[in-house]
Amino acid sequence: MLEYVAIFVMFCLAGIIAAAIIGFSHVLGHRTKSKTKLAPYECGMTTTGPTRRRMTIRYYIVAMLFLVFDIEIIFLYPWAVVSRRLGLFGFIEMLIFVFILFIGYIYIWKKGALEWE
Amino acid sequence: MEQLITLSIMVVKNIVVVLVLMGFVAYTTLLERKLLGRLQVRPGPNRVGPFGLLQPIADGVKSFFKEDIIPDEADKTLYVLAPGISLFTALSLFAVIPFGPTVEFLGRQVKLVVADLDTGLLYLLALATLGEYGVVLGGWSSGNKYGVLGALRAAAQMISYECALGLAVIGTIIIAGSINLSEIVNAQAGLWFIVKYPFGFIFYLVAGLAEINRTPFDMPESESELACGFNIEYSSMKFATFMIAEYAHMFTVAAIVTTLFLGGWMGPGPAYLGPLWFIIKVFVIIFFFIWERGTYPRARYDQIMQFGWKFLLPLTLLNVVVTAALVAMGVL
Numbered sequence: 103m104l105e106y107v108a109i110f111v112m113f114c115l116a117g118i119i120a121a122a123i124i125g126f127s128h129v130l131g132h133r134t135k136s137k138t139k140l141a142p143y144e145c146g147m148t149t150t151g152p153t154r155r156r157m158t159i160r161y162y163i164v165a166m167l168f169l170v171f172d173i174e175i176i177f178l179y180p181w182a183v184v185s186r187r188l189g190l191f192g193f194i195e196m197l198i199f200v201f202i203l204f205i206g207y208i209y210i211w212k213k214g215a216l217e218w219e
Numbered sequence: 005m006e007q008l009i010t011l012s013i014m015v016v017k018n019i020v021v022v023l024v025l026m027g028f029v030a031y032t033t034l035l036e037r038k039l040l041g042r043l044q045v046r047p048g049p050n051r052v053g054p055f056g057l058l059q060p061i062a063d064g065v066k067s068f069f070k071e072d073i074i075p076d077e078a079d080k081t082l083y084v085l086a087p088g089i090s091l092f093t094a095l096s097l098f099a100v101i102p103f104g105p106t107v108e109f110l111g112r113q114v115k116l117v118v119a120d121l122d123t124g125l126l127y128l129l130a131l132a133t134l135g136e137y138g139v140v141l142g143g144w145s146s147g148n149k150y151g152v153l154g155a156l157r158a159a160a161q162m163i164s165y166e167c168a169l170g171l172a173v174i175g176t177i178i179i180a181g182s183i184n185l186s187e188i189v190n191a192q193a194g195l196w197f198i199v200k201y202p203f204g205f206i207f208y209l210v211a212g213l214a215e216i217n218r219t220p221f222d223m224p225e226s227e228s229e230l231a232c233g234f235n236i237e238y239s240s241m242k243f244a245t246f247m248i249a250e251y252a253h254m255f256t257v258a259a260i261v262t263t264l265f266l267g268g269w270m271g272p273g274p275a276y277l278g279p280l281w282f283i284i285k286v287f288v289i290i291f292f293f294i295w296e297r298g299t300y301p302r303a304r305y306d307q308i309m310q311f312g313w314k315f316l317l318p319l320t321l322l323n324v325v326v327t328a329a330l331v332a333m334g335v336l
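In the order they appear, the protein sequences are chains R and Z.
Residue numbering for the first sequence follows the working numbering, beginning at 103 and increasing consecutively.
Residue numbering for the second sequence follows the working numbering, beginning at 5 and increasing consecutively.
By construction, these hints were calculated from the structure, which means they are not laboratory data.
Treat the hints loosely; a few may be bogus.
As the list claims (entries may be wrong) - Short, incomplete list of chain Z residues facing chain R, as computed with Cβ under 7 Å:
{"hint": "1", "residue": "22"}
{"hint": "2", "residue": "91"}
{"hint": "3", "residue": "193"}
Unchecked claim - Label-pair ranges, simulated between beta-carbon atoms:
{"hint": "4", "chain 1": "Z", "residue 1": "110", "chain 2": "R", "residue 2": "103", "range": "16 to 26 Å"}
{"hint": "5", "chain 1": "Z", "residue 1": "126", "chain 2": "R", "residue 2": "189", "range": "23 to 33 Å"}
{"hint": "6", "chain 1": "R", "residue 1": "208", "chain 2": "Z", "residue 2": "329", "range": "19 to 29 Å"}
{"hint": "7", "chain 1": "R", "residue 1": "161", "chain 2": "Z", "residue 2": "301", "range": "21 to 31 Å"}
{"hint": "8", "chain 1": "R", "residue 1": "173", "chain 2": "Z", "residue 2": "107", "range": "38 to 48 Å"}
{"hint": "9", "chain 1": "R", "residue 1": "173", "chain 2": "Z", "residue 2": "11", "range": "52 to 62 Å"}
{"hint": "10", "chain 1": "R", "residue 1": "103", "chain 2": "Z", "residue 2": "30", "range": "33 to 43 Å"}
{"hint": "11", "chain 1": "Z", "residue 1": "44", "chain 2": "R", "residue 2": "197", "range": "43 to 53 Å"}
{"hint": "12", "chain 1": "Z", "residue 1": "11", "chain 2": "R", "residue 2": "184", "range": "25 to 35 Å"}
{"hint": "13", "chain 1": "Z", "residue 1": "62", "chain 2": "R", "residue 2": "187", "range": "49 to 59 Å"}
{"hint": "14", "chain 1": "R", "residue 1": "177", "chain 2": "Z", "residue 2": "329", "range": "12 to 22 Å"}
{"hint": "15", "chain 1": "Z", "residue 1": "30", "chain 2": "R", "residue 2": "161", "range": "45 to 55 Å"}
Where a beta carbon is used, it is the ideal one built from N, C-alpha and C, also for glycine.
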């Protein structure tokens with residue numbers, strides 16, 4: 103339990119430091135406002151069009167693939183901790199799991215989800 | 005009374021670790037600039053104090069007094085919050101890393117780690133993923149096209165290498181039989197895991213470089229294409245906060261590599277030399293990070309993504325299977 107209290111204290115400290123740094127600079131720095139200064143910086147050009155426009159579908163695909171694979175990887179963690187005690191049985195079970203994962207991997211590769219052009 | 009002393013030792017440990025970490029982070033920036041300078045046959049910063057030793061302090065003071073701009077287009081709440089999230093996660097990551105053995109201090113046994121969590125490795129992975137929010141929200145909220153592009157790239161790149169990162173550490177868990185970082189260090193008493201599990205070390209180092217956005221994976225802030233990427237609109241100490249977070253994250257990744265593969269605080273000499281050995285090993289890894297920044301150019305974005313998904317991911321998976329097979333056969 104004490105370990106988690108320590109984590110909590112660490113969170114508080116990190117939060118205070120982050121807030122203090124940002125807060126102090128907010129108070130200390132001088133400030134003069136002008137319309138052009140507060141406009142988006144694009145190397146001197148006037149901005150055209152919306153900023154948060156539609157983006158390529160590839161980013162969504164990567165996010166989906168990440169979700170699938172990361173969950174599968176997290177499933178390997180509990181197995182990894184006790185793998186020594188499970189011995190050969192655990193190893194073969196894991197092989198089946200990784201094999202199924204690998205079939206999915208081959209499938210997304212063949213589908214072209216990993217291409218980025 | 006007893007509990008009060010335990011509690012105060014814990015708080016003192018917390019404060020000391022955070023302050024020492026901030027100090028090291030400040031001087032890692034100087035080390036990087038000095039070393040990069042030397043690698044490019046120039047002296048690096050050498051005007052502020054002897055050998056430029058006061059440079060980090062001068063930078064900090066300057067940043068505090070610079071104008072703090074919040075652009076009109078920005079989502080104000082997220083814009084202010086983003087650098088805070090980055091720094092918060094980068095600092096809290098260090099809580100579970102053991103930097104020394106159990107030592108005797110004022111007649112009690114004190115573990116030289118802030119929180120000896122049984123789920124230490126999971127904590128590290130979870131918080132490192134949270135750190136991405138700082139970068140992504142920072143780029144997204146500034147209302148700048150370069151920033152949005154940088155944020156998108158950062159998100160896609162970091163989650164791509166997260167898989168390889170998660171897989172690379174599984175071998176260490178199999179060999180050590182625990183995800184408690186202190187126990188992983190103790191399991192390396194005979195032989196460091198870099199010898200037992202060398203490919204895991206290499207894969208972790210490569211994926212770690214992508215995770216902390218350093219060359220050749222510094223896509224999110226590729227200066228020559230995106231003019232600075234996700235932190236383009238940031239100024240003053242908010243900009244510096246991103247920098248501090250980046251270096252703190254780099255320091256932590258080096259510390260994780262040290263803990264998982266280089267035997268952590270282990271070294272010859274008495275127990276109280278543990279932290280010294282730990283810091284020496286961490287700086288060897290940091291030296292490597294700086295060295296390769298001075299050596300390699302930036303890779304193209306499609307190459308980075310394809311390398312992560314088509315090369316690193318299957319290889320780390322294969323590495324896990326081979327390691328498991330070796331453990332099952334009783335070799336490791």
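Do the hints match the structure? See the list:
no. : hint                          : verdict
1   : 22                            : 5 Å, holds
2   : 91                            : 4 Å, holds
3   : 193                           : 17 Å, violated
4   : 110(Z) <-> 103(R): 16 to 26 Å : 23 Å, holds
5   : 126(Z) <-> 189(R): 23 to 33 Å : 24 Å, holds
6   : 208(R) <-> 329(Z): 19 to 29 Å : 21 Å, holds
7   : 161(R) <-> 301(Z): 21 to 31 Å : 24 Å, holds
8   : 173(R) <-> 107(Z): 38 to 48 Å : 40 Å, holds
9   : 173(R) <-> 11(Z): 52 to 62 Å  : 38 Å, violated
10  : 103(R) <-> 30(Z): 33 to 43 Å  : 34 Å, holds
11  : 44(Z) <-> 197(R): 43 to 53 Å  : 49 Å, holds
12  : 11(Z) <-> 184(R): 25 to 35 Å  : 34 Å, holds
13  : 62(Z) <-> 187(R): 49 to 59 Å  : 56 Å, holds
14  : 177(R) <-> 329(Z): 12 to 22 Å : 19 Å, holds
15  : 30(Z) <-> 161(R): 45 to 55 Å  : 35 Å, violated
Hint compliance for this structure: hints 3, 9 and 15 are broken, all remaining hints hold.
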